[in-house]
Amino acid sequence: DVKVTQSSRYLVKRTGEKVFLECVQDMDHENMFWYRQDPGLGLRLIYFSYDVKMKEKGDIPEGYSVSREKKERFSLILESASTNQTSMYLCASSPGQDFGYTFGSGTRLTVV
Amino acid sequence: GQNIDQPTEMTATEGAIVQINCTYQTSGFNGLFWYQQHAGEAPTFLSYNVLDGLEEKGRFSSFLSRSKGYSYLLLKELQMKDSASYLCAVTGAAGNKLTFGGGTRVLVKP
Chain B
1 DVKVTQSSRY
11 LVKRTGEKVF
21 LECVQDMDHE
31 NMFWYRQDPG
41 LGLRLIYFSY
51 DVKMKEKGDI
61 PEGYSVSREK
71 KERFSLILES
81 ASTNQTSMYL
91 CASSPGQDFG
101 YTFGSGTRLT
111 VV
Chain R
1001 GQNIDQPTEM
1011 TATEGAIVQI
1021 NCTYQTSGFN
1031 GLFWYQQHAG
1041 EAPTFLSYNV
1051 LDGLEEKGRF
1061 SSFLSRSKGY
1071 SYLLLKELQM
1081 KDSASYLCAV
1091 TGAAGNKLTF
1101 GGGTRVLVKP
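As you go down the protein sequences, you meet chains B and R in turn.
Numbering of the first sequence is given in my numbering, commencing with residue 1 and proceeding in unit increments.
Numbering of the second sequence is given in my numbering, commencing with residue 1001 and proceeding in unit increments.
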């Protein structure tokens, strides 16, 4: 069974902390994505990657960065967490166009 | 850019039919996905339409009209377990990143 695994289901962090959200997929997919999901706003794309060491900004990249050192792992970094980054974060991977995404189970991050 | 609209919430009775509409305006369009998301869980794939017409998959069907920028998801013989959010998402002409609508929460009542 194909899998996208996010390291934490729930996280609580303090304002100003550096936060790492990890995502690993075992499907050898080229493409990986980070979204955040907020009530009334749906899923919004933060960053994505089409290849190792490659990254592109999505629609809301401010306050975030990413790292893709290996094909299977795509990390989302909050450089200095703020309360407005409290959200559900979803990682997804895809083998290419027309195939859709496989999502991880999500990380609910609370910044206090 | 992409703009995707779908109703916020719908209520239906067990055994009935519900149709969730999705309209989109995009600078480029390749295909349209529907996902189901139960509360607290990850979205799961339901359907993908590239060509105009109806795709049927068991109790669920999805329709696309590219010329009208319109799709619908039809859920038949509703069951209580169908209570979930349904997400419409489009993929543009370049690359496969998806842009999602806000989602439609469907509540199935006995």
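These aren't lab readings, by the way, just hints derived from the structure by calculation.
Please read all numbers here as calculations on a predicted model, not as lab measurements.
Wrong hints could be hidden among the right ones.
[Stated by the list, open to error] Pairs of lysine-lysine residues, derived as BS3-like cross-links and limited to a Cα-Cα distance of at most 30 Å, are as follows: (1) Lys70/B - Lys57/B; (2) Lys55/B - Lys71/B; (3) Lys71/B - Lys3/B; (4) Lys3/B - Lys1068/R; (5) Lys18/B - Lys3/B; (6) Lys1057/R - Lys53/B.
Structure-based check of each hint:
no.: 1; hint: Lys70/B - Lys57/B; result: 19 Å, holds
no.: 2; hint: Lys55/B - Lys71/B; result: 12 Å, holds
no.: 3; hint: Lys71/B - Lys3/B; result: 14 Å, holds
no.: 4; hint: Lys3/B - Lys1068/R; result: 36 Å, violated
no.: 5; hint: Lys18/B - Lys3/B; result: 27 Å, holds
no.: 6; hint: Lys1057/R - Lys53/B; result: 38 Å, violated
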